[in-house]
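Fit chain L to the known structure of chain S by using the hints.
2 protein chains.
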Amino acid sequence: MKRTCSIGFDFGTESVRVLIVNVRDGSIAGEAIEPFSHGVIDRTLPGSGETLPPDYALQHPQDWIDNAAVACRKAMNVGNLSPDEIVGIGVDFTSCTMLPTFANGTPLCLDDQFRSVPLAWPKLWKHHGAKREADRINEIAQERNEPWLARYGGIIGLEWFFPKIYETLNGAPEVFDAAETWIEAGDWFVWQLTGNLVRSTCQAGYKAQWNKQSGFPSRDYFKAIDPKLETITDKLVGPLASPGLQAGLLTRESAERFGLRQGIPVSAAVIDAHAGVPGAGVAAPSTLVMVMGTSSCHMLNSRVEQLVPGIAGVVEDGILPGYFGYETGQASVGDAFAWVSKILNQSHDALSREAACIAPGAGGVMAIDWLNGCRTPLMDGRLTGGFIGLSLGTTPGQLYRAMIEATAFGVRWICDTLRDAGVPVRRYVASGGLPKKSPLLMQIYADVLGEKITVASSDQPVALGAAILGAMAAGEQATGHAAMSQVIQAMAPQNDEIVYHPDLVARKKYEELYKHYRALTHPTGTIACSMRSLSDAQS
Amino acid sequence: MKRTCSIGFDFGTESVRVLIVNVRDGSIAGEAIEPFSHGVIDRTLPGSGETLPPDYALQHPQDWIDNAAVACRKAMNVGNLSPDEIVGIGVDFTSCTMLPTFANGTPLCLDDQFRSVPLAWPKLWKHHGAKREADRINEIAQERNEPWLARYGGIIGLEWFFPKIYETLNGAPEVFDAAETWIEAGDWFVWQLTGNLVRSTCQAGYKAQWNKQSGFPSRDYFKAIDPKLETITDKLVGPLASPGLQAGLLTRESAERFGLRQGIPVSAAVIDAHAGVPGAGVAAPSTLVMVMGTSSCHMLNSRVEQLVPGIAGVVEDGILPGYFGYETGQASVGDAFAWVSKILNQSHDALSREAACIAPGAGGVMAIDWLNGCRTPLMDGRLTGGFIGLSLGTTPGQLYRAMIEATAFGVRWICDTLRDAGVPVRRYVASGGLPKKSPLLMQIYADVLGEKITVASSDQPVALGAAILGAMAAGEQATGHAAMSQVIQAMAPQNDEIVYHPDLVARKKYEELYKHYRALTHPTGTIACSMRSLSDAQS
Numbered sequence: 001m002k003r004t005c006s007i008g009f010d011f012g013t014e015s016v017r018v019l020i021v022n023v024r025d026g027s028i029a030g031e032a033i034e035p036f037s038h039g040v041i042d043r044t045l046p047g048s049g050e051t052l053p054p055d056y057a058l059q060h061p062q063d064w065i066d067n068a069a070v071a072c073r074k075a076m077n078v079g080n081l082s083p084d085e086i087v088g089i090g091v092d093f094t095s096c097t098m099l100p101t102f103a104n105g106t107p108l109c110l111d112d113q114f115r116s117v118p119l120a121w122p123k124l125w126k127h128h129g130a131k132r133e134a135d136r137i138n139e140i141a142q143e144r145n146e147p148w149l150a151r152y153g154g155i156i157g158l159e160w161f162f163p164k165i166y167e168t169l170n171g172a173p174e175v176f177d178a179a180e181t182w183i184e185a186g187d188w189f190v191w192q193l194t195g196n197l198v199r200s201t202c203q204a205g206y207k208a209q210w211n212k213q214s215g216f217p218s219r220d221y222f223k224a225i226d227p228k229l230e231t232i233t234d235k236l237v238g239p240l241a242s243p244g245l246q247a248g249l250l251t252r253e254s255a256e257r258f259g260l261r262q263g264i265p266v267s268a269a270v271i272d273a274h275a276g277v278p279g280a281g282v283a284a285p286s287t288l289v290m291v292m293g294t295s296s297c298h299m300l301n302s303r304v305e306q307l308v309p310g311i312a313g314v315v316e317d318g319i320l321p322g323y324f325g326y327e328t329g330q331a332s333v334g335d336a337f338a339w340v341s342k343i344l345n346q347s348h349d350a351l352s353r354e355a356a357c358i359a360p361g362a363g364g365v366m367a368i369d370w371l372n373g374c375r376t377p378l379m380d381g382r383l384t385g386g387f388i389g390l391s392l393g394t395t396p397g398q399l400y401r402a403m404i405e406a407t408a409f410g411v412r413w414i415c416d417t418l419r420d421a422g423v424p425v426r427r428y429v430a431s432g433g434l435p436k437k438s439p440l441l442m443q444i445y446a447d448v449l450g451e452k453i454t455v456a457s458s459d460q461p462v463a464l465g466a467a468i469l470g471a472m473a474a475g476e477q478a479t480g481h482a483a484m485s486q487v488i489q490a491m492a493p494q495n496d497e498i499v500y501h502p503d504l505v506a507r508k509k510y511e512e513l514y515k516h517y518r519a520l521t522h523p524t525g526t527i528a529c530s531m532r533s534l535s536d537a538q539s
Numbered sequence: 001m002k003r004t005c006s007i008g009f010d011f012g013t014e015s016v017r018v019l020i021v022n023v024r025d026g027s028i029a030g031e032a033i034e035p036f037s038h039g040v041i042d043r044t045l046p047g048s049g050e051t052l053p054p055d056y057a058l059q060h061p062q063d064w065i066d067n068a069a070v071a072c073r074k075a076m077n078v079g080n081l082s083p084d085e086i087v088g089i090g091v092d093f094t095s096c097t098m099l100p101t102f103a104n105g106t107p108l109c110l111d112d113q114f115r116s117v118p119l120a121w122p123k124l125w126k127h128h129g130a131k132r133e134a135d136r137i138n139e140i141a142q143e144r145n146e147p148w149l150a151r152y153g154g155i156i157g158l159e160w161f162f163p164k165i166y167e168t169l170n171g172a173p174e175v176f177d178a179a180e181t182w183i184e185a186g187d188w189f190v191w192q193l194t195g196n197l198v199r200s201t202c203q204a205g206y207k208a209q210w211n212k213q214s215g216f217p218s219r220d221y222f223k224a225i226d227p228k229l230e231t232i233t234d235k236l237v238g239p240l241a242s243p244g245l246q247a248g249l250l251t252r253e254s255a256e257r258f259g260l261r262q263g264i265p266v267s268a269a270v271i272d273a274h275a276g277v278p279g280a281g282v283a284a285p286s287t288l289v290m291v292m293g294t295s296s297c298h299m300l301n302s303r304v305e306q307l308v309p310g311i312a313g314v315v316e317d318g319i320l321p322g323y324f325g326y327e328t329g330q331a332s333v334g335d336a337f338a339w340v341s342k343i344l345n346q347s348h349d350a351l352s353r354e355a356a357c358i359a360p361g362a363g364g365v366m367a368i369d370w371l372n373g374c375r376t377p378l379m380d381g382r383l384t385g386g387f388i389g390l391s392l393g394t395t396p397g398q399l400y401r402a403m404i405e406a407t408a409f410g411v412r413w414i415c416d417t418l419r420d421a422g423v424p425v426r427r428y429v430a431s432g433g434l435p436k437k438s439p440l441l442m443q444i445y446a447d448v449l450g451e452k453i454t455v456a457s458s459d460q461p462v463a464l465g466a467a468i469l470g471a472m473a474a475g476e477q478a479t480g481h482a483a484m485s486q487v488i489q490a491m492a493p494q495n496d497e498i499v500y501h502p503d504l505v506a507r508k509k510y511e512e513l514y515k516h517y518r519a520l521t522h523p524t525g526t527i528a529c530s531m532r533s534l535s536d537a538q539s
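Residue numbers (the working numbering), protein chains in the order written: chain S, 1 to 539; chain L, 1 to 539.
Simulated from the structure, these hints should not be mistaken for laboratory data. Just to be clear, a hint being listed does not mean it is correct.
Copies of the same chain look alike in the list, so a pair counts if it works inside one copy or between any two.
Claimed, not checked - Computed list of lysine-lysine pairs in DSBU-like fashion (alpha-carbon distance at most 30 Å, straight line): (1) Lys342 <-> Lys437; (2) Lys509 <-> Lys131; (3) Lys131 <-> Lys228.
With the rest of the complex left out, here is chain S:
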């Protein structure tokens, strides 16, 4: 019997995954993963062998096409799928991963003139070459009191779109001059599939200060940064579309390359993390989707737009069409647990077993989870982590549990920050790699939040989210689903869902401890100030 499926292309840091999902019931029809042939380019440039500075992280655009095509054909084969069973395509991508191209879409780095210029290559999200540029971009925005600044918690990250352009202007002006457009990698891939240059409101909104009402920042602002940037937005051509809306149809050339059928609707791209919201089965507003991995990204759709301190961004149509999408984050979560495990020279399993036997409060130990700085709400990468309450009797399990509790307090702080700003948070869904690995972690989160937490069923919510957006772009006639919520509920059904309920005694104890955490982490308190000045003293 003929199936009706949607394809999700999920572009990560090291590899691309293709997930083919049945739009009726969310069952996986085919799947494949391919590592990028050139991996992360952070030592030498392919071809020229040009050596890269230590903060560089690039990718090869040909990998995106070639490795994705291989993965797509493999997934189709694995699922024994025929091209006419595919009705939609969605694309999620790391962000801000971006590149300069010519007007026809050819990346500058594939041109002989620029092949050996590092800044002509696509800069991966974690490329950190634009520190100085980000500082100036922020400084000028603050000086001019730019209206969009508050939508990003008052700070633009060095990993974002304009710092990376500005870095290129400073470091390789010939590339800057030759670039006819600058584009997010996700949008570029959609362009290659459809022949249409359509920018995603997700990437533009979260990484390029775009806003539905006012567009990109003003020419005056860019001019104040550098006169050569004044007309930069002229190079950001193309209509904008929300993820889930159709960007175009698969071209014949792409259909051949990927082994698919010409004319399949393709959704506008989405940032990988944000695809996790529909992928976690969440269609409704006011539900916090906690994507928990090495770091945590907490996303929420809301009917209201408010300015929230330390938010990574609030973007209309940023995650799903029709909602204001909030993105907040914690810079180290799984990474923090891994650090504790490594420094204590003990396995996660052993520490977790010990921590599970310890009462809430970790025997008086309290951790500060800023091992990689604090994102929401303080937005300060200089901040560092800590432990207090240590005594000669403090055990490894207490340190491990304290770090888990600290990250839970961090989420609660984010929720309180959203609510204090007038953005309701009513339900909690956990997703990503950690929740299924650690029941202890989820129970502590439920106890600290004082609310039940549902663990999303899918093991691949991001790729699933991309496929869902592909199905949304395909429309009712192809999928049989009239509303967005129907698509999401059908394709990400919460089967055998795991729910954690707060323990009332633990919850009460954590109410008290959370006050201490807030006192310790107060932005003008001794610890935060000491951390900042210590960090300055070291640098």
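Just chain L, lined up with the frame of chain S:
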């Protein structure tokens, strides 16, 4: 050729050591150590099998005599010494280790009527049963603004003399009523040797609020605590004498028991740590003797008497006759390093090697060394330790080095506190178990203090100090030394001394970091307050 020697009896927690030292050159003529037959009594009473509460720690007075006699005979044998080669005896003892006795010196616990009553037994220094009593003793002292309180940094420890008496009144009134005198174990041992009940100004001054001008606290004060305590000082009969002054002569009975000669002068007792001052070869004032072991005790003789915040005590004639003896302390030093080593599951050697390769500042990590509370200057046992400045790149060696640096900042804080109060600190001598084990530790201390540090030559400064005090009690005719400083210099010569000089670059860096340490540990700062309230929340 006949030698001229002095014996030091050094009573520890688990054992008694006898060190026989040549008074001419400090060479060791004989030595032996005997564990106490009953060890620390903390589970059941000998004989009756009575179960003890968890905070109890008792000793058996018969062990003090019997095991010391065995050790003394062994040491004499080892050294092939004849009784007429011994000219003086000194005694150091843990403190406050104390007991109730009858008027003739018989411990109550050796009487059939009280044998099965735990509180009739000698309470070891670390017996912690008198918490409630110490609280009340402090409360009343503060209410009445007792003049002696400031000499103890404003607080009386629960391990001290009167809390232990008061605990007995509350817990075993029949023992309290039957006690004819209460006495420090060191004084009791001297009493057994000489037949004279002479109290040491060291123990009385540091542990029983005695002062040369005003004696013990007033009757009114004790009455305010409990009417039954009003006349307690009537039971503290006997003259007081400074360590190094003669308490009496060895009786015939004791001479036979110990295999010695009748009539040898015996010095008044001294607290073990305090014996370490002459034992480190320090006769001059304004020299800080840092006795560094699991915890650190920093002692200083001075010509001036000042009130110093958080001091453990300032006592005239408390360490050596003629000086004001200051005792200050850090509650965890070696213990803190041991905790770091244990929790990181790595050896001291490995951590130390790694830490030695790290620049001052431990890569941005700063520790707070209060793993067992803070003694000088904050005198707050509720305080706990911590680490800040942690990042995903923080290494075990950084944590280890940060903890060493923190204890060094702690010593510097103590010196600054003394100087701020008008007590000069001019020279530094390190003693105890740690300094010879860890050159890294000593170099960091020299860099943080910004001054050279001399490591005391003797490996047994405490027992040596007791022997020196014995030689002082013996007098010029017996030893040939006219002045106290001559005895000390002759018996604790600084041969092959190890000196650490500050590195100027490191010193400058630590000047900056020390300011951060002080900000972090400010008594009204966020961390200290949070630690206190967290500790309250846990209890």
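Earlier hints that do not hold, by number: none
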